[in-house]
Every structure is written in C-alpha cells, then in structure tokens.
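Colleague: Based on the provided sequences and hints, a complete structural model is requested.
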Amino acid sequence: MCIDFRDLNKACPKDFYPLPRIDQLVDSTSDCELLSMMDASQGYHQIMLAPEDRKKVSCITSEVTFCYVAMPFGLKNAGINVEVYVDDMLVKSKKIADHVKDLEETLSVLRKYNLKLNPAKCAFGVQGSRFLGFMVTQRGIETNPLKIKAIIDMKAPTCLNEAQRLTGRIAALSRFISKSAEKSLPFFKTLRKAKTFEWGTPANLLLKN
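Numbering-wise (full-length UniProt numbering), the sequence shown opens with residue 1 and increments by one.
Incorrect hints may appear among the rest.
What the hints assert, rightly or not - Simulated pairs of lysine-lysine, DSSO-like, Cα-Cα distance not exceeding 27 Å:
no. : residue 1 : residue 2
1   : 101       : 149
2   : 121       : 94
3   : 76        : 101
4   : 76        : 92
5   : 147       : 92
6   : 179       : 149
7   : 92        : 121
8   : 116       : 56
9   : 76        : 55
10  : 116       : 101
11  : 116       : 55
12  : 147       : 189
13  : 149       : 116
To be verified - Pair ranges (Cβ atoms, derived):
no. : residue 1 : residue 2 : range
14  : 138       : 11        : 46 to 54 Å
15  : 156       : 54        : 49 to 57 Å
16  : 104       : 3         : 48 to 56 Å
17  : 176       : 156       : 18 to 26 Å
18  : 155       : 51        : 14 to 22 Å
19  : 8         : 98        : 28 to 36 Å
20  : 63        : 132       : 38 to 46 Å
21  : 153       : 175       : 16 to 24 Å
22  : 28        : 192       : 57 to 65 Å
23  : 154       : 10        : 37 to 45 Å
24  : 8         : 165       : 28 to 36 Å
Think of the hints as simulated: they come from the structure by calculation, not from any bench.
Glycine included, every Cβ here is placed at the ideal spot set by N, Cα and C.
Modeller: Below, the structure written as structure tokens:
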C-alpha cells in the first residue's frame, strides 16, 4: 500500500536537530576493549505514532478506513528519527569488565520501548566488526576490505553513471588515502563534461594503478 503524504509533509514542521556524525561515532571506538553493534528490526515500524496523530496518516479504502499506529515510510521526519534512535546502535566499553553492564543499560532502554533487534545484523562482545561501512576495532577505524575489492574489481567506466559510481566508492575511502582529492582528480574531470562522456588515458592509468 502506498499513500501520498505530500500535503501532510508540507504542513509538518521539519525537525532541526543534528544527525550523529559517522566519523565521530566510529572514531570514538579507539582504545575500547569490547564493542557491540546492534541494528533494529523493521526500524520504521518500531517507532510508534502518538495516538492523537494516527488519524493524520489514515487511508480510506472501499471497505474501511485504516490508521497507522507505527511510523510509515514517506513522512518528512521519518528517516531522521530512524537514523537517530534505532538504526545502527553501538555500545563500547573501555574495559572488558564493564561491557556486560553497559549492554544491560542499553538493552533495558530498548526493552522499555519494546524495540526489537535483528540478530543477523548484531555483533555482541567483539573486538572488531563492520559498522557504518567501516571496519571498527579497538585500534580505531580501518578500511573495509569489501569496499577496496569493489574498486579493484571495477572495469573502466563506459558511461557517466559508472564513473559516478567509481568516484562515490573512492570518496567513501578518502580518509584513508593521502591527498585523495589530488590523486582522484582525473576521475572527477570525467564528470565535468555532461553531454559527452570520455574516459581518458590519465583516468585509465590511475584506475589500473
């Protein structure tokens, strides 16, 4: 079922609180002996709507009127709330002995609000794991081997979309590459000519190296 919330979104004020910065989240794991990464199951549908607001997201069918009791897709502030509250949770402990207590505190909050986790995407009591696209360990953050392999396995782009995909993957690893903007300049130059795509020799040599 798909509902058009455009008029409702126009009438709703936008939430103006800052999203957590990914670099701050992953950098803060340095010197932590144990980590636990958690991901909510069906994130959107775990955020309950206030009873007085449910009628605002109602849907009229030929037989009955439905009202959402949980947050549906398509609302202006839905994505932001999911990212802030239930998507990609991280529990970190400086000492191994403190980790069980830290987990208990976090899980008690989840239990209080009846939030459920996706076991397949959770990792408890580990020294390192993938989190927000990075490899997170007690040493800090490291490159994700899967992201490196994706670039190595790429063939020379033949169209603008493929070049954009390549530059996007390189940008995701830019913090690990010295002078990445300067080194990647031949790639980004191919994006400037919107009408005709041309993958030149400098870009091709850079990709091979």
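Colleague: Next step is simple, just say for each hint if it's right about the structure.
Modeller: Okay, the hints, checked on the actual structure:
no.: 1; hint: 101 with 149; verdict: violated (38 Å)
no.: 2; hint: 121 with 94; verdict: holds (23 Å)
no.: 3; hint: 76 with 101; verdict: violated (36 Å)
no.: 4; hint: 76 with 92; verdict: violated (31 Å)
no.: 5; hint: 147 with 92; verdict: holds (24 Å)
no.: 6; hint: 179 with 149; verdict: holds (21 Å)
no.: 7; hint: 92 with 121; verdict: holds (17 Å)
no.: 8; hint: 116 with 56; verdict: holds (26 Å)
no.: 9; hint: 76 with 55; verdict: holds (17 Å)
no.: 10; hint: 116 with 101; verdict: holds (19 Å)
no.: 11; hint: 116 with 55; verdict: holds (25 Å)
no.: 12; hint: 147 with 189; verdict: holds (22 Å)
no.: 13; hint: 149 with 116; verdict: violated (33 Å)
no.: 14; hint: 138 with 11: 46 to 54 Å; verdict: holds (48 Å)
no.: 15; hint: 156 with 54: 49 to 57 Å; verdict: holds (53 Å)
no.: 16; hint: 104 with 3: 48 to 56 Å; verdict: violated (39 Å)
no.: 17; hint: 176 with 156: 18 to 26 Å; verdict: holds (23 Å)
no.: 18; hint: 155 with 51: 14 to 22 Å; verdict: violated (55 Å)
no.: 19; hint: 8 with 98: 28 to 36 Å; verdict: violated (45 Å)
no.: 20; hint: 63 with 132: 38 to 46 Å; verdict: holds (44 Å)
no.: 21; hint: 153 with 175: 16 to 24 Å; verdict: holds (22 Å)
no.: 22; hint: 28 with 192: 57 to 65 Å; verdict: violated (37 Å)
no.: 23; hint: 154 with 10: 37 to 45 Å; verdict: holds (41 Å)
no.: 24; hint: 8 with 165: 28 to 36 Å; verdict: holds (34 Å)
In the structure shown, a violation is registered for the earlier hints numbered 1, 3, 4, 13, 16, 18, 19, 22, in ascending order.
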